[in-house]
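Could you build all of it, start to finish, from the sequences and the hints given here?
Throughout the sequence shown, residue numbering follows this note's numbering, covering 1 to 529 in sequence.
Just so you know, these hints were derived from the structure itself, not from any lab. Any given hint might turn out to be false.
[Stated by the list, open to error] Under the rule of at most 30 Å between Cα atoms (straight-line distance), these lysine-lysine pairs were calculated in the DSSO-like manner: (1) Lys269 with Lys224; (2) Lys362 with Lys413; (3) Lys413 with Lys396; (4) Lys282 with Lys352; (5) Lys396 with Lys258; (6) Lys224 with Lys260; (7) Lys111 with Lys224; (8) Lys231 with Lys108; (9) Lys438 with Lys479; (10) Lys260 with Lys413; (11) Lys108 with Lys149; (12) Lys362 with Lys326; (13) Lys108 with Lys132; (14) Lys260 with Lys362; (15) Lys61 with Lys46; (16) Lys403 with Lys413; (17) Lys396 with Lys269; (18) Lys149 with Lys99; (19) Lys282 with Lys231; (20) Lys479 with Lys427; (21) Lys316 with Lys438; (22) Lys111 with Lys132; (23) Lys99 with Lys46; (24) Lys413 with Lys326; (25) Lys269 with Lys282; (26) Lys451 with Lys519; (27) Lys438 with Lys480; (28) Lys325 with Lys422; (29) Lys438 with Lys427; (30) Lys517 with Lys438; (31) Lys231 with Lys149; (32) Lys182 with Lys117; (33) Lys396 with Lys282; (34) Lys258 with Lys132; (35) Lys61 with Lys115; (36) Lys30 with Lys149; (37) Lys326 with Lys297; (38) Lys231 with Lys132.
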Amino acid sequence: MQASVMQINDFIGDKRTLIIPVYQRNYDWKCANCERLFDDLEHLVKNGGEHFIGTFVYQNKPVAGNFQEYVIIDGQQRVTSVILFAKALYDLSDDDDLKEDIRSTFIKHSKGEQKNKCKLRPTEYDRAVFAKLMSDDEFDENNFTAQEKFSVLYRNYQFFCEKISESPLKIRELHNAIYQLKIVSILLQEENPQEIFESLNSTGLDLSQADLIRNFLLMPLNYKEQEELYKSYWLEIEKLLRESDNVENFILQYLIVKRKSDSVKETKKQRLSPRNLYETFKRYFHENNFDAESGLKDIYHYAKFFRRFIFNDATKFNNLSALDKKFYELVYLLDAANAPIILMYLLERYEKNHFDEATFIKFLDALISLTFRAKVCRYTGITSQFAGNVLARLDKENSLDEKFFWSVITFGKGRYAFPNDKEFQDKLTSENLYTTIKSDGCKYLLYSLEKAARAKELPSYSEATVEHILPQKPNADWKKYLTARNDSQTHELWLHTLGNLTLTGENSTLSNSAFDKKKEIYSRSNFSY
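Next up, the structure:
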């Protein structure tokens, strides 16, 4: 390991390309980080001196010719942000000499075999947007798609442009301040980069468990293998699951599927969680003697299953397949966050023809019934522990049928039990349902009753809201109405029960309207109940 103190412009260098390896997380500095950098630069202009912005850890990548390539192990967020800031100065300046100085120092090589190529090569995920931002042409927002404008790179570039434009300081002054940014550069020689990476993470580097897992799989490989596997698998996983939180949650549930348990170790009661996900993944990987490619291939296979459970309010329900409609009902409408553990397992076996689609739908109906009954009766429903136990039992049979599946999901006792019909009926009709299962649960129940009982076309789910017939906050007219009928206890007793709830598309119109007025509006409603 070789360390030295230098200015950041010297680290970026004239005959040097900085490479962000595929195992790194994508660029994700927040506006607050960018604002802190800008404030530091303004402070340098006003007060002079130098400012230390952190440690940069890198490896030399052997290349032919006079140019060097540095593979950045730590420091990509800061160096990318400094280059974005420099490019904002470049685009806002009308001084040609200054622009050329900025370009040749921070943005692009000015000579040699790398002439006109960017000095920073981001991850594949960020590369296209970064290349557009670094273009020599005059900046034009119309050259960027809506998705590209949503990228962190684009937003932070725009943030710097706004701050520079608003600042009373001159562009040349801000440019000169960059040269006062100091770093400690650490060249790794014989050290294991994965161990260094983990050490950095343990001391505060903001890496997710998914970042660490990706690095664990890719870092031991040579650069070419890293690029190939990243593009073929990891990048595709990120595209499928879209958000980093989804990736981490998916891998956690994937591990439970593969291990048929949510415990960290067989002899301990500690449960798998985001906090211990990375260490558990490493242990599972080593115990099963996986190599990086087979591991990534399997993860990608299950990620395609998991993608089918990601929904939002814009999901076109009528366009979904019969199976996906059931997934939507269970995972999205009933918010069964751990159900994908069981669903991924079932999809794997469905692909192997262990049961047909009709049987699969019966399995899903059983899980929907379990989930909703558990909500009404305040039972646990599908927890990660329950899901792991279900998979361990299902795995004992080579083929699955409805009877066996029912026996497996009804094995629980106490709060882990499948609520029976009598208990469910009692809770459904007598409990304060609106407080027990909340507005979303009541909406699901009432809409399900509508679907089961009517022949005419049903309004879309998104149009429906839950209406209290007897208002939650009765006005003077309602109080007078109740008093006249000696119903002074009605409000407290029945307000949140099923009998006082209905669906409507006119909640704001109904509000605290008198009962007779409400009945008139209900008579015109597209909803029956």
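Results for each hint:
1. Lys269 with Lys224: Roughly 41 Å between the alpha carbons, so the hint for Lys269 and Lys224 is violated.
2. Lys362 with Lys413: Measuring from Cα to Cα gives roughly 23 Å; hence the hint holds.
3. Lys413 with Lys396: Holds - the C-alpha atoms of Lys396 and Lys413 are around 21 Å apart, at most 30 Å.
4. Lys282 with Lys352: holds (28 Å)
5. Lys396 with Lys258: OK: Lys396 and Lys258 at ~14 Å, within 30 Å.
6. Lys224 with Lys260: violated (35 Å)
7. Lys111 with Lys224: holds (26 Å)
8. Lys231 with Lys108: With a Cα-Cα distance of about 25 Å, the restraint between Lys231 and Lys108 holds, given a limit of 30 Å.
9. Lys438 with Lys479: Given pair Lys438, Lys479 holds - Cα atoms ~25 Å apart, limit 30 Å.
10. Lys260 with Lys413: holds (20 Å)
11. Lys108 with Lys149: Holds: Lys108 and Lys149 sit about 22 Å apart, inside 30 Å.
12. Lys362 with Lys326: Satisfied, since the Cα-Cα distance of roughly 10 Å is no more than 30 Å.
13. Lys108 with Lys132: OK: Lys108 and Lys132 at ~13 Å, within 30 Å.
14. Lys260 with Lys362: Satisfied, since the Cα-Cα distance of roughly 22 Å is no more than 30 Å.
15. Lys61 with Lys46: violated (39 Å)
16. Lys403 with Lys413: holds (19 Å)
17. Lys396 with Lys269: Holds. Lys396 to Lys269 sits at ~23 Å (cutoff 30 Å).
18. Lys149 with Lys99: holds (24 Å)
19. Lys282 with Lys231: Between Lys282 and Lys231 the Cα gap is close to 22 Å, so the pair holds against 30 Å.
20. Lys479 with Lys427: holds (28 Å)
21. Lys316 with Lys438: holds (24 Å)
22. Lys111 with Lys132: With a Cα-Cα distance of about 21 Å, the restraint between Lys111 and Lys132 holds, given a limit of 30 Å.
23. Lys99 with Lys46: The hint holds at about 22 Å.
24. Lys413 with Lys326: With Cα atoms ~26 Å apart, Lys413 and Lys326 stay inside 30 Å; holds.
25. Lys269 with Lys282: holds (19 Å)
26. Lys451 with Lys519: OK: Lys451 and Lys519 at ~22 Å, within 30 Å.
27. Lys438 with Lys480: Roughly 29 Å separates the two Cα atoms, so the pair holds.
28. Lys325 with Lys422: This hinted pair holds, its Cα atoms lying about 28 Å apart.
29. Lys438 with Lys427: holds (14 Å)
30. Lys517 with Lys438: Measuring from Cα to Cα gives roughly 26 Å; hence the hint holds.
31. Lys231 with Lys149: holds (23 Å)
32. Lys182 with Lys117: This hinted pair holds, its Cα atoms lying about 25 Å apart.
33. Lys396 with Lys282: holds (26 Å)
34. Lys258 with Lys132: violated (42 Å)
35. Lys61 with Lys115: holds (19 Å)
36. Lys30 with Lys149: holds (15 Å)
37. Lys326 with Lys297: Cα-Cα ~27 Å, so holds.
38. Lys231 with Lys132: OK: Lys231 and Lys132 at ~21 Å, within 30 Å.
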